[in-house]
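Sequences and hints are given; from them, build the entire structure.
Number of protein chains: 2
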Amino acid sequence: MTESVGIIGAGLVGCLAALAFAKRGYRVTLFDYRADPRDEATTDRNLRSINLAISSRGISSLEFVDDEVAKRALRDIIPMKGRMIHDSSGRQESQIYGLFGEAINSIDRGLLNNNLLDELDKYDGTNDINLMFDHKLVKIDFGEKQQECLFATTNYGMKTYDFDFVVGCDGAYSATRYQMQKQVRLNYAQEYIDCCYIELYIPPSPEYNSEFNGPFAIAPDHLHIWPRDEFMLIALPNADGSFTSTFFGSWALVESLVPSKNKVEEFLLANFPDAMELMGIENAVRSFMDHPKGALMCVECNPYHASGGRAIILGDAAHSMVPFYGQGMNCGFEDVKVLMKLLDKNKNRTEVFEQYSKQRHEDLVAIVTLAKNNYKEMSHDVTSKMFLMRKKLDGVLGKVLKGKWLPLYTMVSFRDDIAYHKAIEISRKQTAILKLLQAIIIVAISASGYKAFGYFSRLFKRLSALQKHST
Amino acid sequence: MTESVGIIGAGLVGCLAALAFAKRGYRVTLFDYRADPRDEATTDRNLRSINLAISSRGISSLEFVDDEVAKRALRDIIPMKGRMIHDSSGRQESQIYGLFGEAINSIDRGLLNNNLLDELDKYDGTNDINLMFDHKLVKIDFGEKQQECLFATTNYGMKTYDFDFVVGCDGAYSATRYQMQKQVRLNYAQEYIDCCYIELYIPPSPEYNSEFNGPFAIAPDHLHIWPRDEFMLIALPNADGSFTSTFFGSWALVESLVPSKNKVEEFLLANFPDAMELMGIENAVRSFMDHPKGALMCVECNPYHASGGRAIILGDAAHSMVPFYGQGMNCGFEDVKVLMKLLDKNKNRTEVFEQYSKQRHEDLVAIVTLAKNNYKEMSHDVTSKMFLMRKKLDGVLGKVLKGKWLPLYTMVSFRDDIAYHKAIEISRKQTAILKLLQAIIIVAISASGYKAFGYFSRLFKRLSALQKHST
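Respectively, the protein sequence lines represent chains A and B. 1 is the number of the first residue of the first sequence in full-length UniProt numbering; add one for each residue after it. 1 is the number of the first residue of the second sequence in full-length UniProt numbering; add one for each residue after it.
Derived by calculation from the structure, the hints in this document are not laboratory data. Do not take every clue at face value.
To be verified - To give a feel for the contact side, a few chain B residues facing chain A, derived at Cβ under 10 Å: (1) Asp66; (2) Glu68; (3) Lys71; (4) Asn187; (5) Tyr188; (6) Tyr192; (7) Asp194; (8) Ser250; (9) Trp251; (10) Met289; (11) His291; (12) Ala295.
In this text the structure is predicted, and so the values were computed from the model without any measurement. Glycine is no exception: its CB is placed at the ideal position from the N, C-alpha and C atoms.
Have a look at this one:
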């Protein structure tokens, strides 16, 4: 008998999960509390988006679920091969992400979501995928065999649906998780970081021509960063020649600026003069003041399932992370792949859900922590000389010791065959070696005077040239 | 104008908070979702209680709020001056808590709660204290001036009350905290420890005579512990000659035993033969199988208030801890004292709530952690030779260096003038010294052979005798 699954949340992870379960013969119903985002009437944007950077884990998970869907859904991505650092005087410096030309890829969250929803509508399997919008989960009564889900609907009052099991993909404030807490002893932690974000916008340059797909106002093949220690601005390219830009800063800073138009204008011009030229200062000030102020929250929990194979949570519902490693969606997609691989090996859902919680936990803890730590790297370290020297050494070793030495960023973003927690383990050892090497170089320089300095400097230049040449 | 406060939860902390606010002129309404526990119709016990041990912080906070109330509410306490360790063969060994005869005090939670409720009924100030049972908080609409609280009542449907501010004393699963999370960016963590507890019971001995208040089946002036590493049994005296006993063990252990009457009986007889004689094996087995299985959860959060002085949470709602340091209620009472002291100095509630969150946080983190660590001490360390040697040294130093050297237990339980986080700081330094001393003694013994051993052993005995003499 085909089993029925209710998936809560038709965001990115919910859509992929729906497709994956449907392709395995389950009867899938996918719910969302919002209206269909593809309806013309509901397309007012929330003005609180941060462009996504999809990389190896996300892409390979999409492909694992459906190769053809992956191709179509990702048709609008824009590869970004490095960070472009903008200093206060407007100077730009490129820092390449991969050792061998790998790139992460910018895509608008809404666009990707709509692409996936279209794929679900088109899906033509044993059973259709049922899409239900305007359904807000209110309660789950967990039973031995059936899970009774109560929804508040916009047009039909309260409605009840029964499923063999429930999959919660309903984000950081997950209602599914909240319901599960009544059935399981769920360890749970939420932590806000003192950082507020505001969506800004860089329009296409006046010369932009969609036919030639250019020219862009700034390099479209980079993720742009204006790092200023305590705050920063970033910008990711869109397919229409524009950039979605996001400001990040402490709540105290934002709250001290926002009430005064003059203060905001002064602040933006003083810290991001080149970006203001691209945005137009009037628009930037208005957006900074009027756009909703987003909070950043980390969520960790354990386990991810309710006993008896009754329910499981995936994506942000299980591990909301700050956006600084560009892994939130990638990790959520990987959740689906990991779960499906387990289900493909073992038909006993109760066992599979238990295995999933056990196996996935250390990876999810690892990436949530990495993301938190990367704020410092993006807003500050990228301008520190010591950090950049290590980063360079790291890259050189990565090239010379091909495959035997892997920079952390490479492992996280471009090597979906290395689990997150493994990546951290490997990186810890390498960082110790890097720091030692760095110390030796510095001591050697100061001990042997100019001669040694000349030697090391030449050696270093040669190695760097080797690296630059091949990116 | 007198301000109005709605206090959610008429447990121990809620009652004390109600009294404290009323005495400061506030119009107090105290709500509880349960029926009045003093009504005859509602006195079925939940069979999931652990006797409380009230010590210095709890008592001094009660006295701080009202000296006379403290006297009356605490009339039934039974002092316990030490732990009585029961080994597997039934041998008992006393470990004294205080250096100078200090004791912690056993009291039944229900009894103390009823005493406090009676005091609220009797309260005769400018305004009466309003007691509302069968009122379950459903929602708070936080406003600039008024906080609109919606309750589901047993007899009157949904009801709304407005207050100037709300105080949440509604325990680990606090509804107030949940409502506050919609107004504040609240960091929050809940963690279950793998420990299940079951209430058991030791009846008064057949010879017990209430007139003479004795004899008790086991020493009434001790907290009894049957430590067995992976699990343990404890018992605290009641005023009627009985003992409330509690079993603690991992969920896996309990779940492996409970389905089989034979297994439970075998387990209890093998591990707690003397306790089984006191309980009666039939009763013990029935209780072990039938009584509800309690879970132990730690809760930490930050901040404890909503902005603008709109709401604050106290007691378990803010810091649920495991019961192994006997500080849960003591700490909750202290919350009330700390808050009142701040309010007595500053009438600006917005500022006071902010100060409270700032000042109280490190102490609450400290005690939640201490309580978690004490499970190992109670279930295991109390039988370790190295631990006991350090403990003895600790006690000797505490006596010899009167007031300059304070064992951690003394600071936490008997010195309400030392904040929890300070106690940990001091203890850390002392532990380092203790370990060093211990190492010196051990090295000295093994290096100098019997002669030195004899010397140290005599010294140690003399110091121990000194300690025993004065307790």
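Verification of the supplied hints:
no.: 1; hint: Asp66; verdict: 38 Å, violated
no.: 2; hint: Glu68; verdict: 42 Å, violated
no.: 3; hint: Lys71; verdict: 40 Å, violated
no.: 4; hint: Asn187; verdict: 5 Å, holds
no.: 5; hint: Tyr188; verdict: 5 Å, holds
no.: 6; hint: Tyr192; verdict: 4 Å, holds
no.: 7; hint: Asp194; verdict: 9 Å, holds
no.: 8; hint: Ser250; verdict: 12 Å, violated
no.: 9; hint: Trp251; verdict: 8 Å, holds
no.: 10; hint: Met289; verdict: 21 Å, violated
no.: 11; hint: His291; verdict: 18 Å, violated
no.: 12; hint: Ala295; verdict: 6 Å, holds
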